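Line order of the protein sequences matches chains A and B.
Under the numbering used here, think of the first position of the first sequence as 1, with each following residue one higher.
Under the numbering used here, think of the first position of the second sequence as 1001, with each following residue one higher.
Read the hints as simulated data drawn from the structure, not as lab findings.
Since the structure is predicted, the reported quantities are computational estimates derived from the model, not experimental observations.
Possibly wrong hints are sitting among the right ones.
Unchecked claim - If you only want the chain A side, here are some residues facing chain B, beta carbon under 8 Å, derived:
(1) Asp23
(2) Thr34
(3) Glu48
(4) Glu52
(5) Glu57
(6) Ser58
(7) Ser64
(8) Val65
(9) Val72
(10) Gly73
(11) Gly212
Glycine residues also receive a C-beta, built at the ideal position from the N, C-alpha and C atoms.
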Amino acid sequence: MGERVGIEVSLAAAEAVKMANVDVIAAYPITPQTHIVEHLSELVADGELDAEFIPVESEHSAMSVCCGSSAVGARTFTCTSSQGLALMNEIVFIAASLRLPIVMILANRSMSGPLSIWNDHTDVMSIRDCGWIQVFTENGQEVFDHVMFAFRVAESASVSLPIIINLDGFVLTHVIEPIEFWDDETVKKYLPDFKPVNQLHPDNPVTMGAFGLPSIFTEAKKAQNEALIQAKPEILKAWKEMGDLVGRHYQPVETYHAEGSETVFLTMGSFGETVSVAVDELRNQGKSVGQIKLRLWRPFPFDEFREAVRGIKRIIVLDRAVSFGGPGGPVASEIRSVLYQEENMPTITNFLCGFAGRDVTAQDYIAMYEQAEQMAQGRVRQEDYIIYGVRE
Amino acid sequence: MEQFNVYAARLVTKKEYFTPGHRACQGCAEALAVRMVAKALGKNVVVASATGCMEIVSSPLPFTNWAVPWIHVAFENAAAVASGAEAGTKALVRKGKLPDKGTVFLGMGGDGATTDIGLQALSGAWERGHDFVYVCYDNEAYMNTGIQRSSSTPFGASTTTSPAGKVTPGQVTWKKNMAAIAIAHNIPYVATACSSYPLDLIQKVKKAASIKGPAYVHVLSVCPTGWRLPTEKAIWIGRLAVETGVFPLYEYENGKYRMTYDVPELRPVIDYLKPQGRFRHLTPELIQSIQERVTEEYNKLKAKTAL
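Sequences are here, hints too, so could you generate the full structure?
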């Protein structure tokens, strides 16, 4: 196994991309993604990574360049945040329908306005339905591991879809953590060379991106949806083999003291670790509390999720984005929808918190739990959602 | 020049890479230009097309008119997609994953995709110095969506968003000089062409492909539908655009300008404007101001070629 090093998570992510022997990187700078692409351009400048680093003039062109390079069969990486994602939005959707296995790290940051560079999940939730495989990471090690995972899954012939790795801006990108690097041998074993299903090459001309008349569009969309759903076996296999190789076992839905608990917190991303601290504290107080972490966001892991919440009475869903004028946070509304037909559907309590880097501490989660308890006991009204921590 | 045309026509390949059966309008000189460009480049090419007429007419799923590798992603990014294809192939060749075939990368789009919405992506690709050819098929408006004005629509032309009304005489701005913008990027090769001069067009595209670095060819592509012109007049009106000096044919290579079809004496612009329905409403005063502008621009260009 590889070496364990203390390193900033962004630099580790870039090192992982280097170890994956990427061919093309196209990126435009945006905080807090910058350290990742800066380090990649250093690696290219120093000859440590043999790749084309394309310093494009916008994120829209970043994703467009990625489409071109992935279409000719080059292993392709990009990285962005927030407004950058919004600018490339149009092409993000097209990349999925073209079945181009681009890997993107999304350093999650709030969407303007007001302008903010800090972390929440409003960016990724804006492209929820873009057709990419989407995973969330909780710490630097998970980011490193998931770079390898992403290239492997995206490029596998049965999947051929782009992947987004979500990591929280600043709270993850800019912290130094002990991270176990993979050795070259392990990378070689885990990640085969990219052999594209279709490739733009004069020896075998293909047409990519033809337009769809109404007579064929529905079928094309159904096929695309099937492709994303059918990616799951490959996703599970890639996690299983990674577990065998490096000893870290990832699941679409991960749990912490969830089984047999009356209440669980549902988290995505870096908040998970703080919530675990709160769960420990509450359990010490004798409360029946656990935690469920959603790692795989698309394709949504319906079976694993329903299994994980079986017997649970209340789910406290933490959302880090607002659906303005809608039913609360985007995660909670999905969870409600996923569980609606279930017998003994748990009560969903939805807290919207941690916008634009606002700290949410273990004490806050304990307070949320107590508030949820009061609702359960009927002492306060059950709200559809609560925006937590608003300064009055 | 005319004699040269007679003989050289036999040398043009009979092979079609932009095949018959596409759905372009009758008399579409843009489709003709695309066909000539495809002939010029042959089969060792990767094409990135912008959204627009030529994309729509040639790729209704599950059919295609492209006998060469072809990709369409979106409206404003053909240059970025082409630069990605070029960079990806370059990396794969350098790393020994693909043999070096000397493939040409072509970005193509209409005037809207090039001079308006895709200008930033194109400027970025030029500035980064990718080895690719970009061809703009300029039919002087957004024809695919129904003849709306673009920045490449000429002064006085009536379009569906610059209609000739009681107060305004159609388009009130002068056509954006895209070739000059290309030249300002210091790229090694820029040319103007027109499908009414197919051999000149083919020659320029071949030269653009042979040159290392970015090359740009701006092709006036007559659109009978949008120009309000009988379909059989498309080639004829393209020649008049050149002979009146409205659209001079020239090339710019490594800092030097050269007229490729030097008109000894320009015909009056009215000869070009009169047959077209889009200019039907122009008053003698407006035609006069167009004439003055055309003469002035033509003389400026001529002065550059004399340097």
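Practice task
Mind listing which of the numbered hints don't hold for this structure, in increasing order?
Solution key: 2, 3
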